[in-house]
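Engineer: So the chains spell out like this:
There are 2 protein chains.
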Amino acid sequence: MSVIRRLPRYYRFLLELKNSGELRVSSHDLAAKMGSTASQVRQDLNCFGGFGQQGYGYDVPKLFEEIRVILGLEHDYKAVLLGVGNLGRAVINHISFENHGFTLMAAFDSNPSLIGTEIRGMTVRDVAELEEYCGVNRMDAAFLCLPKESVEQPGEILYRSGVRAFWNFSHFDLAMKYPDAIVENVHLSDSLMTLRYRMNDSRSEDKA
Amino acid sequence: MSVIRRLPRYYRFLLELKNSGELRVSSHDLAAKMGSTASQVRQDLNCFGGFGQQGYGYDVPKLFEEIRVILGLEHDYKAVLLGVGNLGRAVINHISFENHGFTLMAAFDSNPSLIGTEIRGMTVRDVAELEEYCGVNRMDAAFLCLPKESVEQPGEILYRSGVRAFWNFSHFDLAMKYPDAIVENVHLSDSLMTLRYRMNDSRSEDKA
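If you read the sequences in order, they're chains A and B.
First residue of the first sequence: 1002, per the working numbering; consecutive thereafter.
First residue of the second sequence: 1002, per the working numbering; consecutive thereafter.
Bound-form chain A, shown alone (with noise of 0.2 Å):
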């Protein structure tokens, strides 16, 4: 795994840290978080300048502050939500958008007993008004909380609108079909079957 990957989790163990007061933190406590050793997060802070001082460790504030600049966070990208069912009310409702660099401006459905709703202080919006809206509101990014065969027809929509950024629980490969965009997709069902053939490894090497 890249530091790449790995730099979400720095920020949000910093951001913890943070929140609770803690003004500096060790190499070593920062690695017992991340599940790793304190010589891959010196590595790992390394490649982005080396914030901490010998017998001192890292600055809480200050390499927070530095990891939220390397990640672009001082700026928000505009998102649009697609799918206000269950899926789409966990992600509205449990993800901070403006700690992770974006403002949720509007959520839209197709279904007609959603449409109008409120949720988290937005009104669900008529899907079919997705074009008129992204037309008027330029857009940077969308959260796709679809399932496959409703993806489509709004993916078509959001790409002509100039969206390029695309966060997909769908199993619909955007990717494919739109090869300058960024994916980042979420394959609940193959996470879960990634736990389920790794238990069965296990289950092999108990039996050796």
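It is worth saying that the hints were derived from the structure and are not from the lab.
Just so you know, not all the hints are guaranteed correct.
Identical copies look the same in the list; a pair holds intra-copy or inter-copy alike.
Said to hold, decoys possible - 27 Å max Cα-Cα, derived DSSO-like pairs, lysine-lysine: (1) K1178 - K1063; (2) K1149 - K1019; (3) K1034 - K1079; (4) K1019 - K1079; (5) K1034 - K1149; (6) K1034 - K1178; (7) K1034 - K1019.
Given the structure of chain A, go ahead and fit chain B onto it with the hints provided.
Structural biologist: Relative to the frame of chain A, chain B by itself:
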């Protein structure tokens, strides 16, 4: 990415092909679906015995069954789910546990307004009954759709009852607390952060 991580995707694509009645598939078509190359597909499947035939491709039902056996899906593991908020409901409603080698036996929550409600044919149980339930019904796995601060106590109950496999949506670090357990984490906010980071990255490339 290792072939182990790719196997669930092969399984998923083959399940789709099988369900739509396809009897055979070429390494080229499989590669197109996987966003991979034909030679990578042949190399991957060779790892598991090589079921392809030159000029014919792969026998879909046969390859599906072989991967099913490799993934150990001929035997169902018993699982409980904790946390029937939006996220837990999304998981219960959208994941076909049978196709992933699990039987979801019961769902638990601590919220009195959720306990006793029905979801996908199950009655939500009080988490206070978890210890007794797991004592009587030996569970293999637990799916944790709880916030970080609610995981420790039920996690301990599950572990003591013998559960050694966790599908963990929380940021509670189960792998560190239980080094002999199999933990598959789904960290949605880390994934969103990776998207954000890649967006910055591509912006700086544009500038360069």
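Engineer: Now tell me if each hint is right for this structure.
Structural biologist: Consistency of the hints with the structure:
{"no.": "1", "hint": "K1178 - K1063", "in the structure": "neither (41 Å within a copy, 29 Å between copies)"}
{"no.": "2", "hint": "K1149 - K1019", "in the structure": "between (39 Å within a copy, 17 Å between copies)"}
{"no.": "3", "hint": "K1034 - K1079", "in the structure": "neither (31 Å within a copy, 31 Å between copies)"}
{"no.": "4", "hint": "K1019 - K1079", "in the structure": "within (26 Å within a copy, 40 Å between copies)"}
{"no.": "5", "hint": "K1034 - K1149", "in the structure": "between (36 Å within a copy, 14 Å between copies)"}
{"no.": "6", "hint": "K1034 - K1178", "in the structure": "between (38 Å within a copy, 11 Å between copies)"}
{"no.": "7", "hint": "K1034 - K1019", "in the structure": "within (14 Å within a copy, 44 Å between copies)"}
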